[in-house]
Amino acid sequence: MTASGAGGPDFGGLPFAALVGQEPMRMALLLCAVNPGLGGVLIRGERGTAKSTAVRALARLLPPIEAVAGCPYRCHPAEGPCCPDCGRLRAAGGTPPVARVAPRVVELPVGASLDRVVGSIDFEGAVRSGVRRYQPGVLAAAHRQVLYVDEVNLLDDSVVDVLLDAAVTGVNIVEREGVSVVHPAQFTLVGTMNPEEGELRPQLLDRFGLCVDVRGLRDLALRVAVIECAAGPGPAPAEAGALARADRRLAETIVSARALLPRIAISPQLMARACGLAAAEGVSGHRADLLLVKAARTWRALETATRGGVGGDPTSVTSHDLAQVAELVLVHRRRLPEGGAAATHPGTQAERSTARREPGDPTGAPAADPRAQDEVAGAGAPAGDQAEATAAGTGSQGVGAAAAGEGAGDTPEDLVPDPLFRVRRLQLPRERRTRRAPGRRTPVPSGNRRGRYVRAVTVEHPQDLALDATLRAAAPHQRSRRAAAAAEGASGRLLLRPQDLREKVRQRRIGHCIVFVVDASASMDAEQRMEATKGAVLALLQDAYVRRDRVALVVFSGRTARVVLRPTGSVDLAERQLAGLGVGGTTPLTHGLLTALHLVQTERRRDPGVLPLLVLITDGRGNISCFGDEPLVEAQRAALQIQREGIRSVVIDSTRNHRSLSSPGVAAPSPLFAGYTFNACADLAERLGARHYGLYDLSEESILGTVNQALRP
Amino acid sequence: MSARQPLYPFTALVGQDAMRLALILNAIDPKIGGVLIRGEKGTAKSTAVRALARLLPELEVVADCPYSCPPSGDGLCDACRRRLASGPLPVVRRRMRVVELPINASEDRVVGTIDLEAAIQSGARRFEPGVLAEANRQILYVDEVNLLDDHLVDVLLDAAAMGVNLVEREGISAWHPARFILVGTMNPEEGELRPQLLDRFGLCVDVAGIRDVAERVEIVSRREQFEADPAAFCDAYAEREAGEAERIERAIAHLGRVSVDRSVLELIAQLGIQLEVDGHRADLVARRAVQAVAALRGLPRAGVAEVVAVAPMVLAHRVRSGPGQRPRDVVATVHQLAGGD
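In order, the protein sequences belong to chains A and B. When we follow our numbering, the leftmost residue of the first sequence carries the number 200, and every step to the right adds one. When we follow our numbering, the leftmost residue of the second sequence carries the number 5, and every step to the right adds one.
No lab work stands behind these hints: they were computed from the structure. Some clues are possibly wrong.
[Claimed, not checked] Residues of chain B clear of chain A, computed beta-carbon distances all greater than 12 Å: (1) A16; (2) A22; (3) A67; (4) E104; (5) E111; (6) D112; (7) A122; (8) V211; (9) E231; (10) E243; (11) G247; (12) A257.
[What the hints assert, rightly or not] Per the computed footprint, the stretches of chain A lying under chain B, defined by three or more beta-carbons under 8 Å from a beta-carbon of chain B, are: (13) 302–315; (14) 418–425; (15) 666–680.
[As the list claims (entries may be wrong)] According to the in silico footprint, chain B covers these stretches of chain A (three or more CB under 8 Å from chain B): (16) 241–250; (17) 347–356.
For glycine and all other residues, C-beta sits at the position ideal for the given N, C-alpha and C.
Model the full structure from these sequences, guided by the hints.
If you want it as structure tokens, here you go:
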């Protein structure tokens, strides 16, 4: 049953041929199976769309590889990078014994710790024989295989760094715990993620050669087909047999496509068109051009292997092939012009219409179409931002890789923050210093043993013992210590000394929790206040994401306040909620404040270490009573309570220009509320113990600065 | 009988029909994927889950396997797989258990860790199984699941999705099967659950305190009787408990014979489209749940009535409410679609 190789977990699952719909995803996976040089594929999509199922099914299609028998890294017998042992053999001109190795999809669980990913000292061997030997990790296991990371966006930063490093260089360099090893680690990286759970770091995003966005099928017949196929093959064994046969045929196709690939040619004209396409889509760097050509050639090989090449030269790439793969290469690299998503589509559409003119395969062209529709449907402001961030990532990828190199050891907090995130649209050139200041993740004080164990350190008196690291530290000394202990007549147990002891360093994802309390009453409609507010909140959101802070959104209007967004780290989700925010009705300010307070209290119960910040954006004129008192008085009381709870806040006055207010003596009330002398926001801010700003004179930049200042203890 | 305090019988619960049905459906077909029970405090959430265990049929397990592997078929751990190749495995019959995951659990206890004793005694690198190992083929119960630490949610998700616990940490590289019925309870007032985890629960029921005075009185008096003399109370319900257990056992035996017509599948798919749920998990769960309800009712084929019975449980947590729009009414949509049938 298992093709995943001896000893590997058996995930069961459906045959690849049984998958329904999701053509682009299947196409991308097959392309990667044929050509590992494509740099893997990232599958993004909503939950429950057979992402993982498809990847696991792919394992059964991969052809066995030839490798040096007994080599832990499965080095190629003759060519490519190899491990030191095989290298020596090659240099000596020896011919190694060759074995066929079953292909595997090596899985990297999200909870993996760094020592297991890169490998570490083999303490068992060290204890027994006193030899420092390297125990290979997941990266070694993945050499020449498919490395699959489910929920790749949830991976710990330190692990992402080493993964990037290996993906870029093709080798894994280990310098830790007294072992020093360099071994080849060339793998086809396959990742799946749900964008709602948080974005992927741009450098990592760019490492994926191809990318597909999947959505649930909306067609009734297809949906029913999905249910039927997931229910398992029918009572007739013929059905299961047919699927298994289809899978075998696919596997054979992959083998012949691989053989065909070197013979596939691309005309200079098409190559020019590929480059032109990349340029038209505003992709920075040349990676996309290269990948377009590679992917088109691979697709041609696959097509020819499947159909034997109908019409024309079966070994030369057609413009139809190029059109088929373009979206896979470009979707995550596209840089959007300031205008938004719509502007980029002409390029792709032009390419698609070329595809239709081509007398190509009739089933292929419609396959690309549902995807196009999905694109349009899903292309709002969020998609635009995402693509832009990607493009920015491509541009400074060199910087990113360098940063990854620095951080590849085991010092996550020294990470250079991504210097490339979404700054363009906001035009906020940021200094590294400011980003680093509050810390991306607030380290948990010792004694609190919660959080993910990331690495171990040497301390005087460890509280939270890191047993694995301790053992690794103690292992090499066992021989000498045993010899010493034997003289005193002690037994052969493991002998630990205080200097061996290591303590766990744990990390928690949660840092700050920023709660936006936004007034959505009718008065916010004036002077595009809501637009300005949305702009400000978005700016803050994006900054919060980079810091891994969590953001919540409370909106009040009419007679109630609603928690529109529970604390989340997902910008995507937040943006979507924000985009649909309308205004109208009265101003139940007290409701808003109390809802926010309740939210913070809940968060605190969940995690006492959380640092909340309340950002109130309003004109301060509450006019709906919550408890039957004067609305203004109620709001003041609520504000006082929030301050008493020790919650820090910032008040942003949506009506006023703060600069003109700040000059004493000059009363410059906004024209709308001329004659309204009492400054409600200033009063509220005072009771909250908060600083108070005018919305209009705060550029987005200074709003960010303001919040960051407020976050600092 | 045992040193442990007797558990309140499942059949002595008053009301909360949806919750009880959801639990029983999972007992009939574990592949439904668990249940999330949302509700205020004191609505018998935990009592029901713990009580369910005694109604569950016995499992055949490999006698000395820490993962309770089945003696044959798939889903075996590596060791059992190897042993099976050289001969049949020792078998015992054991009741399904409710394994609790405390919310303050540490990650190493959940996924398993390096065996301290073996490491110190002999320097051997050995895997010590954790809660996920214990939960294989059992019920994994997480009380207050919404308060679980984010990184624990991640590993839980990972295991629930794969049916396998893959450990690559603390110098250990190991895997074992981890197919469990995930049962979570939460009080929504204390925070929401991440959508990704929400979707992993096959079913979801919202429970509220019962407002009917007569039923409330009944709850109190039964509880009083139970606390006064637990053993006698349990004895009084022994017959009903046995009857319920038998009903479940019959349904399990019957499950494979229940057919689901294409028209029912179309209704399910239509619901998913109409309510704009993400992905296909809702459809797949609905199909299984519908089949399980039909099995429980002793029907040869599942029909529209069964869809109506389970649709709220399947869809309650999967329907999005966009900004400014009210959550779509699952029940109304079901009736509207089923009525047009």
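Open item on the list: Tell me the hint numbers this structure goes against, listed in increasing order.
Closed with: 5, 6 and 7
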